[in-house]
Amino acid sequence: MLKRLICIHHRLAGMTGHRFTEALGIVAAAERRDVPCVLFISAHADQAVRDALPQARAVLHDPVFRGDLSFDERTGAFVSLLRETVEPEVEANDAVLLTVATQCEARALTVWRASLPEEKRPWVLCLFVSDRWNRYGSAERERQVGEFRTVAADIAEAGAAVQRKIVFASLTTGLCEELTGLLGVAVVQSPMAIDVETICAVPLSLEHRRPVVGFPGGTRAEKGSHRIPEIIAECRRRGEVNFVFQLTNELLPQEVFDELRRLTAQPGVRGVEGPIGIPAYREMLAGMDIVLLPYERVPYRWRISSIMIEAVLVGPPVVVPDQTWMSDRIAQGAAVGAGQRGSRLLAGAAWV
1 MLKRLICIHH
11 RLAGMTGHRF
21 TEALGIVAAA
31 ERRDVPCVLF
41 ISAHADQAVR
51 DALPQARAVL
61 HDPVFRGDLS
71 FDERTGAFVS
81 LLRETVEPEV
91 EANDAVLLTV
101 ATQCEARALT
111 VWRASLPEEK
121 RPWVLCLFVS
131 DRWNRYGSAE
141 RERQVGEFRT
151 VAADIAEAGA
161 AVQRKIVFAS
171 LTTGLCEELT
181 GLLGVAVVQS
191 PMAIDVETIC
201 AVPLSLEHRR
211 PVVGFPGGTR
221 AEKGSHRIPE
231 IIAECRRRGE
241 VNFVFQLTNE
251 LLPQEVFDEL
261 RRLTAQPGVR
271 GVEGPIGIPA
281 YREMLAGMDI
291 VLLPYERVPY
301 RWRISSIMIE
311 AVLVGPPVVV
321 PDQTWMSDRI
331 AQGAAVGAGQ
341 RGSRLLAGAA
351 WV
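Going by the numbering used here, the sequence shown opens with residue 1, and the numbers climb by one from there.
These are computed hints drawn from the structure, not numbers from a lab.
All C-beta atoms, glycine included, are put in the ideal place defined by N, C-alpha and C.
Check each hint, because a few of them may be wrong.
Taking CB as the label site, the calculated pair distances span [to be verified]:
no., residue 1, residue 2, range
1, Q266, I290, 15 to 21 Å
2, P88, P229, 49 to 55 Å
3, D51, G181, 29 to 35 Å
4, E240, P36, 22 to 28 Å
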């Protein structure tokens, strides 16, 4: 019987992106099941996140993407982080959940759990959400695949006793299949954690005169945010359309972000400043006639989109690039833009 759910959200620092809504969804699912939930989040988490998740402990840091460290050093730093923060809390029959894994976290969880005495070993769910090794050319892919070979060897060396209670998972069929080959163990498919009732608790708002096209979420290159000025200009050559987008910079060059900010001086173009809470985000989605996600194909070929899921749950139709997981769901009739009554996108929605 599951005793407690211990969640590791080492990159959860702000309210934009999928990490915050995932944490809310996990907490809500645990409460419905009367399972105590312990959250560890980034030491850099802003006050709004801390207030929304009062049970969270803001103590984690993230060594995973430090380019000055080797794979062994990054893994070692993450193992130390687990020993300092999670290990004093963990007991057998607890479940440790990490929702944004790379090969570094997967290896660290395997090595850390193998080092624990049997009577203290918890269940572990290690969830991969994206395939970073496929994005940056053959040399970078080979470097990361080499790291996966190391992880696979550590998993095999840990033996059946350790493997039995570690579950590796991903959110899409394609990622599960590729990760199974890379890790040498079965990778199962998991639904995404999202608080469906909170997202759906607002009616569509369609009282405006002109149609509104929206670009929700933080701005970064892989989401096609740099194309927003071109898209707005092209749409306006074809008709009267209003636009809304969030002004939260996630690694866009400053000059590109400044251009987006200048766009909001145009009539009919609204910028929503900074990270916003769930009620404001939900109402922003409900005020859109079309949600436009001009994402790059390679990063989103097998990658789930929390923004698309949230838009489908609220109701407005979503436009996405083809040859992606998102377009596959639309083609299969699983994202019908009819809110929670009509969507099969989540197959039960919250983490179950």
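These are the hints, each one checked on the structure:
Between Q266 and I290 the beta carbon distance is about 18 Å. The supplied range of 15 to 21 Å therefore holds. The given range of 49 to 55 Å is respected by P88 and P229, whose C-beta atoms sit roughly 50 Å from each other. Distance hint for D51 and G181: a CB-CB separation of about 43 Å, inconsistent with the stated range 29 to 35 Å. The hinted window of 22 to 28 Å between E240 and P36 is violated, with their beta carbons roughly 53 Å apart.
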